[in-house]
Amino acid sequence: MRRSSAASKKKSDSITSSTTDLFRSGPSKATSKEMDRIDHLFNQYANTSSNLIDPEGIEELCSNLEVPHTDIRILMLAWKMKAEKQGYFTQEEWRRGLKALRADTLSKLKKALPELEKEVRRQSNFADFYAYAFRYCLTEEKQKSIDIETICQLLDIVMGSTFRAQVDYFVEYLKIQNDYKVINMDQWMGFDRFCNEISFPEMTEYNPELAWPLVLDSFVEWISEKQA
Amino acid sequence: MDHGDGSVVLLERHSVQAAREGLITDAKDSPPSLLLSSQKMYRETIIDFEQGCKCLEAGVSELKRILEEETTSETLIDPKQYLELYTTIYNMCIQKHPHDYSQRLYNKYRDIVEHYAKKTVLPSIQQKHDEYLLRELSRRWGHYKVFVKWLSHFFNYLERFFISQRNQPPLLEVAMKSFRDRVYLEVQVSAKDVVIALIHKEREGEQIDRELLKNVLDVFVQSGMGTIERYKEDLEMFLLEETESYYARKASSWIQECSCPEYMIKSEESLKKEKERVTHYLHSSTESKLVEIVQDILLVSVEKHLLEKEHSGCSALLRDDKIDDLSRMYMLYHPIPKGLEPVADAFRVHVTREGNALIKQAQDAAANGSFVEAQLLVGKIIDLHEKYMVYVMGCFKNHAFFHKALKEAFEVFCNKKVGGSYGPELLANFCDSLFKKSGNDKLSDEAMEATIDNVIKLLDYISDKDIFAEFYRKKLARRLLFDHHKVNKEHETSMITKLKRQQGGQYTSKMEGMVTDMQLAKEFQKGFKGSLTKKPGGIDLAVTVLTTIHWPSYKKSTDLNLPREMVQCVEAFNSYYQSITTARKLSWIYSLGTCHVIGSFDPKPIELVLSTYQAVVLCLFNDTERLTCQEIIEQLNLSHEDLVRVLISLSCAKYRILNKEPASKSIATTDVFEFNSKFTDTMRRIKVSIPPPSMEEREKVVEDVDRDRRYAIDACIVRIMKSRKVLPHQQLVAQCAEQLSRMFKPDIKMIKKRIEDLMARDYLERDAEDHHIFKYVA
Chain L
0 MRRSSAASKK
10 KSDSITSSTT
20 DLFRSGPSKA
30 TSKEMDRIDH
40 LFNQYANTSS
50 NLIDPEGIEE
60 LCSNLEVPHT
70 DIRILMLAWK
80 MKAEKQGYFT
90 QEEWRRGLKA
100 LRADTLSKLK
110 KALPELEKEV
120 RRQSNFADFY
130 AYAFRYCLTE
140 EKQKSIDIET
150 ICQLLDIVMG
160 STFRAQVDYF
170 VEYLKIQNDY
180 KVINMDQWMG
190 FDRFCNEISF
200 PEMTEYNPEL
210 AWPLVLDSFV
220 EWISEKQA
Chain W
0 MDHGDGSVVL
10 LERHSVQAAR
20 EGLITDAKDS
30 PPSLLLSSQK
40 MYRETIIDFE
50 QGCKCLEAGV
60 SELKRILEEE
70 TTSETLIDPK
80 QYLELYTTIY
90 NMCIQKHPHD
100 YSQRLYNKYR
110 DIVEHYAKKT
120 VLPSIQQKHD
130 EYLLRELSRR
140 WGHYKVFVKW
150 LSHFFNYLER
160 FFISQRNQPP
170 LLEVAMKSFR
180 DRVYLEVQVS
190 AKDVVIALIH
200 KEREGEQIDR
210 ELLKNVLDVF
220 VQSGMGTIER
230 YKEDLEMFLL
240 EETESYYARK
250 ASSWIQECSC
260 PEYMIKSEES
270 LKKEKERVTH
280 YLHSSTESKL
290 VEIVQDILLV
300 SVEKHLLEKE
310 HSGCSALLRD
320 DKIDDLSRMY
330 MLYHPIPKGL
340 EPVADAFRVH
350 VTREGNALIK
360 QAQDAAANGS
370 FVEAQLLVGK
380 IIDLHEKYMV
390 YVMGCFKNHA
400 FFHKALKEAF
410 EVFCNKKVGG
420 SYGPELLANF
430 CDSLFKKSGN
440 DKLSDEAMEA
450 TIDNVIKLLD
460 YISDKDIFAE
470 FYRKKLARRL
480 LFDHHKVNKE
490 HETSMITKLK
500 RQQGGQYTSK
510 MEGMVTDMQL
520 AKEFQKGFKG
530 SLTKKPGGID
540 LAVTVLTTIH
550 WPSYKKSTDL
560 NLPREMVQCV
570 EAFNSYYQSI
580 TTARKLSWIY
590 SLGTCHVIGS
600 FDPKPIELVL
610 STYQAVVLCL
620 FNDTERLTCQ
630 EIIEQLNLSH
640 EDLVRVLISL
650 SCAKYRILNK
660 EPASKSIATT
670 DVFEFNSKFT
680 DTMRRIKVSI
690 PPPSMEEREK
700 VVEDVDRDRR
710 YAIDACIVRI
720 MKSRKVLPHQ
730 QLVAQCAEQL
740 SRMFKPDIKM
750 IKKRIEDLMA
760 RDYLERDAED
770 HHIFKYVA
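Respectively, the protein sequence lines represent chains L and W.
Residue numbers for the first sequence follow numbering that gives the first Met the number 0, so the first one is 0 and each next one is one higher.
Residue numbers for the second sequence follow numbering that gives the first Met the number 0, so the first one is 0 and each next one is one higher.
Hint data in this document are derived by calculation from the structure and do not stem from the laboratory.
There may be inaccurate statements among the hints.
[Claimed, not checked] The list that follows gives simulated cross-link-like pairs (lysine to any residue, SDA-like), each with its CA atoms no further than 20 Å apart:
#  : chain 1 : residue 1 : chain 2 : residue 2
1  : L       : 180       : W       : 284
2  : W       : 744       : L       : 188
3  : W       : 752       : L       : 173
4  : W       : 249       : W       : 289
5  : W       : 748       : L       : 141
6  : L       : 141       : W       : 284
7  : W       : 436       : W       : 359
8  : W       : 274       : W       : 258
9  : W       : 774       : L       : 181
10 : W       : 752       : L       : 181
11 : W       : 744       : W       : 762
12 : W       : 265       : W       : 237
13 : W       : 774       : L       : 209
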């Protein structure tokens, strides 16, 4: 028991230093009972030999939560957990996430998802989440960019519901152009700024002489030509 | 002043008052110094005011009478009478209270001048009109001045002691004020009208009395009483208005009727006349205003129209070499603010047009397949430049605007494309043929230097200077390696030195390296020859060792299978070289070599001057009768394209050293080649040329330059960011473009791409707050 309370103390410290979030306003110490239940939930999905929830486990979790496993909410959950490796949740990450969500049972977790979505979509958090989504897809050690195919999927998941038109056009452009085989973090972040700052499809505020990534300059040019 | 002993110190000079306002025209006016008589005239008795006034009035009447008669004598008043008056006034002033009449005398003075002005001066003027009015005014003004001068003599004591004590306005001032109020204000309008009418007459060419005008204008000036206001407001203002409308009328008729040169001559005349007018009678302060108006009306408002006149405007003058007219144009517009700009602009437009015409000529010729025009083009552009530089230095007095206009014009057309190549390449080609010619002494040394100077000047107008350097280097390499007996070292070095001076050492360092290399290579060769005991492979070998980084990049061809004899040569040199140098790597470039081969043809042996590749191919036939193209490729390890060129030169061109089956003009891998033992020529030695692939060369140059530019941009960006630490995107791009402009005009997209690349390599990052600002990552 002591071990878990000491551990939970550590956890609350690490959570304090992360994102600002209303959910943390509650008492920072989870009760040991809650932690037990969280662990218990973990074990239901984890692979016993590796002590990780692997892709299979996640799929099962998703079907139990009644959420498609390519849904953005799973990504948000991963963000909340600060999961490092795509497709896997460690016990620590699991604990971190569920504790923050105050969910120690499956049904509580399910109920927590809409709130989580709201939290993520808050202006102050979204950029962080957006960047996280990119990093989450980097599988190799020194990898800095993601291939076009994956980017298109990611864009759809992350931005599809809020900026449908921009995503559709951009995905189309990325697929037909030849200049770029991969997209890096700077270009990825640029797209988010683009969606937020530039009206679509007029794009009157767009100025290629500013520091927009070149890929967006070409994108805008391509759209203008299409519209002409 | 001491009354006691009875002496009176008479005034010697009216210094203070005399200088005042020009009222008294001559300062040197000493009353007669009759000290003794004054003593006699000094009375003990008190002078009554009325008594004194009577005496005074008598004197004044006398004065007036004399003035009316207009005697020319200076000393108008009888000295005795003068002295009596002076003394009377003096006495009346020093008398004891209640008989000191100073104040009353002062008032009396005022009354006198008022009366004179109002009753005498004014009426006589008002009776006249036109020029007579002016004459009368002038005359009366003269009288008034004399009148007042004499009165001042009389009232001198009052002036010196009463006025200064009581802080009253001095006598002259009082007099002037009276004149102004009683006379001037009444007649000034009419006078002004007449003056203006007279000036108008003069402008139209008639003679007028300038002296009269001068005097009359003096009245206006003086009436300002210390300021120039009266002159300005009552006369000058109207004059300027009249001037404006006068010249406006003239301008509109002249501009229609006259050609540009004629118009300019008329304007010049008008300005001259107006300035003369000022010298002769107008106040000097009017000059600048008059000139400004005339310039404005005659030159500024019609400038565009004038310069663009169809057959006589700026363009036509330049075309017809009208130096005087152009010089006049410059001198007329130079003093006008913003006046020269349109002239410079017209100049620029004209030069651009001429240049573009030359370019078009060459382009059209190239489109029809003739490239002669393109070669002559640079020479023509140089001539054009010299021609118009003469104008800039001469007519346009070396003015910065015109230098700039010339520069801008040339920058426009010097960068245009002609038949696939453009500015930098054409210029490099021009230099190449220039230096090839120099060996033949077709040009004198001075002419050569002059042409080199012209080339350097033209280079200044070309925006992609780095491309020129690259092409120049390639051509220089060829000249040094293949035509070294034709090369004139002085000329080549002169060009490089001048380039260095203009563009900096880094620009020419490689070229200099190439020239030095040739020098060093000779040394090596001497040493090599000296070290040999016998000829390796029985061949006279000469090797030129080049420093790789100085020279353009060449394909290394070390895997070429050389014939036995040549292998021995290579090995001999390699061992020699290793023995005298340390830590150096030799790469052989066979594609640049030359070989002299004796062809033992049946008719007679002929010496063939060939490239190494050609020689190597031919040597195969020493051992085999017939070979296919494919076999040759395999045996020699030569690339297909290189071999094709070689085979064409040996079998399908001017000299058929090899027989080809089938006898077509192109090479297929299955073609069979055979030594043509029947070949002969009248000469005993022939050069079998093999043309270098020029298309490829151009592409390679562009490729190399692009790569160098990327490095240059990267270095520039890093340099800027390192010193500025934080900088907005647009400023970074602008500074980068500016710094690089000496070498080339960078593409904005390229700069942006390099910035992104540098970000990915963690040299830069975006600012967290403002995404359009970059920060240097240390």
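Sort out whether residue 188(L) lies within 20 Å of residue 744(W), counting only the CA atoms.
-> violated (31 Å)
20 Å Cα cutoff - pair residue 180(L), residue 284(W) | Violated, because 77 Å separates the two Cα atoms, which is more than 20 Å.
Satisfaction of hint between residue 141(L) and residue 748(W), Cα-Cα up to 20 Å = Violated, at about 28 Å.
Taking only the CA atoms, is the gap from residue 744(W) to residue 762(W) under or equal to 20 Å?
-> Given that 20 Å is the threshold and the Cα spacing comes to 24 Å, the pair is violated.
Are the Cα atoms of residue 774(W) and residue 181(L) separated by 20 Å or less?
-> Roughly 24 Å separates the two Cα atoms, so the pair is violated.
Can the restraint linking residue 774(W) and residue 209(L) be considered satisfied, given a maximum Cα separation of 20 Å?
-> Between residue 774(W) and residue 209(L) the Cα gap is close to 15 Å, so the pair holds against 20 Å.
Between residue 752(W) and residue 173(L), does the CA-CA distance stay at or below 20 Å?
-> Given that 20 Å is the threshold and the Cα spacing comes to 18 Å, the pair holds.
Given pair status - residue 284(W), residue 141(L), alpha carbons within 20 Å | violated (82 Å)
Are the Cα atoms of residue 249(W) and residue 289(W) separated by 20 Å or less?
-> holds (15 Å)
Take the C-alpha atoms of residue 265(W) and residue 237(W), compute the straight-line distance between them, and say whether it is at most 20 Å.
-> Since the Cα atoms of residue 265(W) and residue 237(W) sit roughly 24 Å apart, the hinted pair is violated (cutoff 20 Å).
Regarding the pair residue 752(W) and residue 181(L), is the alpha-carbon distance no greater than 20 Å?
-> holds (15 Å)
Do the alpha carbons of residue 436(W) and residue 359(W) lie within 20 Å of each other, as the hint requires?
-> Distance ~27 Å between residue 436(W) and residue 359(W) Cα, so the pair is violated.
In this structure, the hints that do not hold are numbers 1, 2, 5, 6, 7, 8, 9, 11 and 12, in rising order.
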